[in-house]
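Novice: Single-letter residue listing:
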Amino acid sequence: MSQADDMGDSADGDKVLVAEYVLGLLDAAEHDRIARRIAAEPTLAAEQRMWRLRLASLDNEFAEVTPPQSVMSRLESRLFGSTAAGGGFANWWNSLALWRGLAAGGVAVAVAAIGFSVLQPRLDVDSVATQLVAALQSQEGSGVEFVAFYDSRTQAVRLVGLEGEQPAEKDFELWYIKGDEPAVSMGVIPVDQRTSITLDAAAQQKFGEGTVLAVTLEQKGGSPTGKAQGPIVAVGKATSI
Amino acid sequence: MVSNTTADIADLIARCALRDRKAFATLYQRTSAKLFGVSLRILKDRAEAEEALQEVYVKIWQRADRYVAGGYSPISWLVAVARNHALDILRARKPITDDIDAALDIADAGPDPEQAALDKGERTRIDGCLAELEEAKADAVRGAYLDGFSYEELAARHNVPLNTMRTWLRRSLIKLRECLAA
Numbered sequence: 007m008s009q010a011d012d013m014g015d016s017a018d019g020d021k022v023l024v025a026e027y028v029l030g031l032l033d034a035a036e037h038d039r040i041a042r043r044i045a046a047e048p049t050l051a052a053e054q055r056m057w058r059l060r061l062a063s064l065d066n067e068f069a070e071v072t073p074p075q076s077v078m079s080r081l082e083s084r085l086f087g088s089t090a091a092g093g094g095f096a097n098w099w100n101s102l103a104l105w106r107g108l109a110a111g112g113v114a115v116a117v118a119a120i121g122f123s124v125l126q127p128r129l130d131v132d133s134v135a136t137q138l139v140a141a142l143q144s145q146e147g148s149g150v151e152f153v154a155f156y157d158s159r160t161q162a163v164r165l166v167g168l169e170g171e172q173p174a175e176k177d178f179e180l181w182y183i184k185g186d187e188p189a190v191s192m193g194v195i196p197v198d199q200r201t202s203i204t205l206d207a208a209a210q211q212k213f214g215e216g217t218v219l220a221v222t223l224e225q226k227g228g229s230p231t232g233k234a235q236g237p238i239v240a241v242g243k244a245t246s247i
Numbered sequence: 035m036v037s038n039t040t041a042d043i044a045d046l047i048a049r050c051a052l053r054d055r056k057a058f059a060t061l062y063q064r065t066s067a068k069l070f071g072v073s074l075r076i077l078k079d080r081a082e083a084e085e086a087l088q089e090v091y092v093k094i095w096q097r098a099d100r101y102v103a104g105g106y107s108p109i110s111w112l113v114a115v116a117r118n119h120a121l122d123i124l125r126a127r128k129p130i131t132d133d134i135d136a137a138l139d140i141a142d143a144g145p146d147p148e149q150a151a152l153d154k155g156e157r158t159r160i161d162g163c164l165a166e167l168e169e170a171k172a173d174a175v176r177g178a179y180l181d182g183f184s185y186e187e188l189a190a191r192h193n194v195p196l197n198t199m200r201t202w203l204r205r206s207l208i209k210l211r212e213c214l215a216a
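Top line first, the protein sequences correspond to chains A and B.
Note that the first sequence covers residues 7 to 247 in the working numbering.
Note that the second sequence covers residues 35 to 216 in the working numbering.
Hints in this document: simulated from the structure, not taken from any laboratory.
Some clues are possibly wrong.
[What the hints assert, rightly or not] The calculated lysine to aspartate or glutamate pairs, modelled on EDC-like cross-linking and capped at a C-alpha distance of 20 Å, are:
hint, chain 1, residue 1, chain 2, residue 2
1, B, K68, A, E70
2, B, K56, A, E82
3, B, K78, A, E67
4, B, K93, A, E82
5, B, K78, B, E169
6, B, K78, A, E70
[Stated by the list, open to error] Which bits of chain A does chain B cover? Going by a derived footprint, with three or more residues having C-beta under 8 Å, they are:
hint, segment
7, 26 to 37
8, 51 to 61
9, 64 to 73
10, 79 to 86
11, 194 to 200
[Unchecked claim] Among chain B residues calculated to face chain A with C-beta under 10 Å, some are:
hint, residue
12, I76
13, W95
14, S110
15, D122
16, R176
17, P195
Small disclaimer: the values here were computed from a predicted structure and weren't measured.
We put the beta carbon where it would ideally sit given N, CA and C, even for glycine.
Start from the sequences and build out the full structure, keeping to the hints where you can.
Specialist: Okay, structure coming up:
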């Protein structure tokens, strides 16, 4: 036996009011008044729960109608800005804003942030793995910036373009320079997506603290001679993490 | 929505509360057709229903933490958000009350004896109780719930004076309440 059942005649009126409230039959002022009473009076709250729970079994009579795609697009841009859904490491790696912040803050900040975030979980704290980061800053007002990250365990350089547009009929080419030795090509790189470049044995030998990474603007497909021909648009020195 | 188990939907809502955008996208993908159906049926205007659907999912995202498992089924909770939003629009353009807030506050109130009784799962009893009413009166109750019809619209549809419809429906609700509580 519920509390509501023990109530007197005026409670019947209340019960009907709550039913009308749940059905949506009350006008705005009355609806508002009952909402406040329900919030304040547990017996009315129980009454409302009862009606909603029972009436909910009619919910299967609402036919499904697929909404247009545009609703979700508008919803996402409204809730999340224009970014796509994502999470975890991939999202972090893909966060252009973060990378831009790192480049702006310089390598020291990049070292701290990458050391903390990229290497989680750090399986082998005592290993001899080498991790390097390089912020390739714009040269001569090229407006081209990259951040590169190297991990000796994967033997790969991960590269993300931060700024800059690729001119038509031209390609960006990445080079590494060890000391006074000539620049060695690491291949053509896209500016608008993340790239991972696996190093060959020779490159692995030479990759270390102080190795310079540079991006030049070359003809389509990269320099045909194996030597940089175009202007350097971004350059940075690798730093140990 | 055959593939939607109650646990799946409840889990997605919980993950929305943790600000999981992928969970939100999945929740939308799985439930938006149902909620659009609700908005469209009550508002009876496609553009308005699309706008309402957007608002409904904003509310769901913002207030997912207020869904309390164990009370309503998660899909019923979502339908209630959509239905109440549509009814708010119908009731008045001016936002006098936020129905979903009131509803959620009640869901938060915690267990009580009545709730325990309700949770025993006799949710389909309303069908039997509606069947005990005269057909026209049962139709009126369903029209109010499913189509958001006002007393005025119900009176016109059943071709009776407004006050007659009011009296009809209130008596029917008392009978229905007795049947449901029996």
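Novice: Going by Cβ atoms only, is B/P195 closer than 10 Å to chain A?
Specialist: Violated. Min distance 16 Å.
Novice: Taking 8 Å as the Cβ threshold, is the statement that the segment 79 to 86 of chain A is covered by chain B upheld or broken by the three-residue rule?
Specialist: n = 6 at 8 Å, threshold three: holds.
Novice: For the pair supplied as a hint, B/K78 and A/E70, confirm whether the alpha-carbon distance does not exceed 20 Å.
Specialist: Roughly 14 Å between the alpha carbons, so the hint for B/K78 and A/E70 holds.
Novice: Cut-off 8 Å, C-beta pairs, minimum 3 residues; does the coverage of the segment 26 to 37 of chain A by chain B stand?
Specialist: Our answer is that it holds, as 8 residues pass the Cβ test (under 8 Å) against chain B, meeting three.
Novice: Taking only the CA atoms, is the gap from B/K78 to B/E169 under or equal to 20 Å?
Specialist: violated (24 Å)
Novice: Closer than 8 Å, Cβ to Cβ, for at least three residues: run that test on the segment 64 to 73 of chain A against chain B and report holds or violated.
Specialist: holds (count 9)
Novice: Given the hint that B/K56 pairs with A/E82, test it: the Cα-Cα distance must not exceed 20 Å.
Specialist: holds (11 Å)
Novice: So is the segment 51 to 61 of chain A in contact with chain B by the C-beta rule, three or more residues under 8 Å, or is the coverage claim wrong?
Specialist: holds (count 9)
Novice: Interface hint check: B/S110, Cβ to nearest Cβ on chain A, cutoff 10 Å. Holds or violated?
Specialist: holds (4 Å)
Novice: Given the proposed pairing of B/K93 with A/E82, does the C-alpha separation stay at or below 20 Å?
Specialist: Holds - the C-alpha atoms of A/E82 and B/K93 are around 13 Å apart, at most 20 Å.
Novice: For B/K78 and A/E67, compute the direct alpha-carbon distance and say whether it is at most 20 Å.
Specialist: Distance of about 16 Å is within 20 Å: holds.
Novice: Are there three or more residues in the segment 194 to 200 of chain A whose C-beta lies within less than 8 Å of some C-beta in chain B?
Specialist: violated (count 0)
Hints 5, 11 and 17 from the list above are not met by this structure, while the remaining hints are.
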